[in-house]
Each structure stands twice: as C-alpha cells, then as structure tokens.
Amino acid sequence: MILNQFLMLAAILFCTGVYGVLARRNGVMVLMSVELILNAVNINLVAFGAYHSSLGGGLDVSGQVFALFVIAIAAAEVGVGLALVLMLYRNSRSIDVDDIDLMKG
Amino acid sequence: MASHLSLGNVILGNLMVAENIAFYLIAAVMVFAAIRVVTTRNIVHAALYLVLVLAGVAGQYILLAAEFIAVTQVLVYIGAIVVLFLFGIMLTRAPTGKMDDSNNEQRIVGAGIAGLLLAVMGYTLWKAYRDGQFGEMQVQRTSDVATSIFSTYLIPFEVISVVLLAALIGAIVLARRD
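Chains as they are written, first to last, in this note's numbering: chain A, 1 to 105; chain B, 1 to 178.
Any given hint might turn out to be false.
[To be verified] Footprint (simulated), chain A over chain B, 3 or more residues, beta carbon under 8 Å:
1) 25-33
2) 39-47
3) 61-73
4) 79-92
5) 109-119
6) 130-138
7) 144-155
No lab work stands behind these hints: they were computed from the structure. None of these values were measured; they are calculated from a predicted model. Ideal placement from N, C-alpha and C gives every residue a C-beta, glycine not left out.
Please take these sequences and the hints and turn them into a complete structure.
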C-alpha cells in the first residue's frame, strides 16, 4: 500500500464534507457534514502514524492517540451542536440555517 | 517462474494485493456513501449513509493495523453519535420523507469551492508523498495505545475529559425546557 491512497481518500471525504456544510439547509445535515470532515482528518492522522511506524525505528502510536482526541472532541461537538439545533427549533419552529439572519444588518 | 522468490515473499506479496483490493472496495463504498450524505433529499437516508461512511473508516483503520481506534470508531460513532443524530432528526420533526429544497442555491458555488479545494489538496499531497510506500505494517496494539495515553499524553487526556464533561453539561443546560 502507498500512503497517498489514504491521503486521497481523506481529501475526497474532506471536500465532500465542505460541500455539505456550504450547501445543506437543514441544521442536522450540516452537523453530519462536519462529521465527514472530522473523519477525513482522523484517517490522515492514523495513516501518517502507521506510515511512520512501518518505516522502522520503533512503534509510534501518537497518530492513533491524536485521532482518539479528535473523536472525543467530535462527540462533544455533536452534543452541543444538536442542543443548539433543538434550541433553534424551539424558538423559531424551523432548523433551516438560511433563515437564521437576525444579526444581519 | 518465481523461483528466485522465497515462499515468504510470495505470501507477503499476495497479502499486499489483498490489502489493496480491500482498500479500493471500501474506499469506493465510502466515497459513494459520502456523496449521498450530502446530496440525498431524505434526511433519515443521509444519517444511514453516514453509518456506511463511518463503518468504512473503521475498516480503513483495520487495514492500517490500528485496532483500538477501529473499535472506538464503531462504539462511539456508529453506536452513539449516529443515534444522537437520529434523535435530533426526530426531535426537530424534520420532514422524514423527501424534501424538495434540501440544498440551497449556494450549491453550485459550494461544489466549485469543494472541487477547487480537492484539486489543490490532491495535487499537493500527490507531489509531496509520491514515494510514500508503507513498509512492513506494525500492529499498534491496544496496550501500546494505553501506555502512550497514560504516560506521554496524560495531561491532554485529563483536559479532554474535562472538556467532554463541560460540553455535556452545556448541552443539558441548553436543551433543558424551563
């Protein structure tokens, strides 16, 4: 296997996520796209970690540990994000992110 | 034919071919599912396609010999986060059938930006890691990960647990009806 195949896969996932964040209307779907982005980053971290240890010079699990931290942050982000979407729904009966323009001048 | 190769080399070579086939199969499923996540008009289908992507990511971790994070991916993402998403969909009473306007009018610009980003990232990565060939894969055992977390990364680990606690309390306070 070559390192680039993992990096390319992660790049495709990342860009798909960016498109989703930009184009989706529904707040929950925007959060799903953010999950795609975070997973792309995790693939990169684990791939670089495995690459580094496969070149010799000892086992290095730093990539995996960093990916675990990202997973923990993602869990926190989804929790708070969905709570915000629920608040939005309760206050305006709609979770369309294009309708949130109260702060527009 | 392969007389100059030892049996071990032949087996190793076949294993690498098998790894590549597995990688491209899983990657094709993941890319298809990821595109469906951002384009499907049905929000429940989007959540279920997200499960496919996340399971594919777990499969790639297995290919990279990172077992602990593969299991964590299945437990935390597929087990917890997707369920949280489905609860979010139900609690916001989103139209569970087809929506006509699930993507806004920025979709053309968004696709352009994503394509440009992909071109720049793909070109740069391809150029930078052109000769990045994996050596013999080292299994990253769970005990090694545990040793690393609880020695080198002990303080970040404690900080992240406090962050998680704060985020969950914050989520409860936000979502509470009072």
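Hint by hint, here is what the structure shows:
{"no.": "1", "hint": "25-33", "in the structure": "holds (count 3)"}
{"no.": "2", "hint": "39-47", "in the structure": "holds (count 3)"}
{"no.": "3", "hint": "61-73", "in the structure": "holds (count 9)"}
{"no.": "4", "hint": "79-92", "in the structure": "holds (count 9)"}
{"no.": "5", "hint": "109-119", "in the structure": "holds (count 8)"}
{"no.": "6", "hint": "130-138", "in the structure": "holds (count 8)"}
{"no.": "7", "hint": "144-155", "in the structure": "holds (count 6)"}
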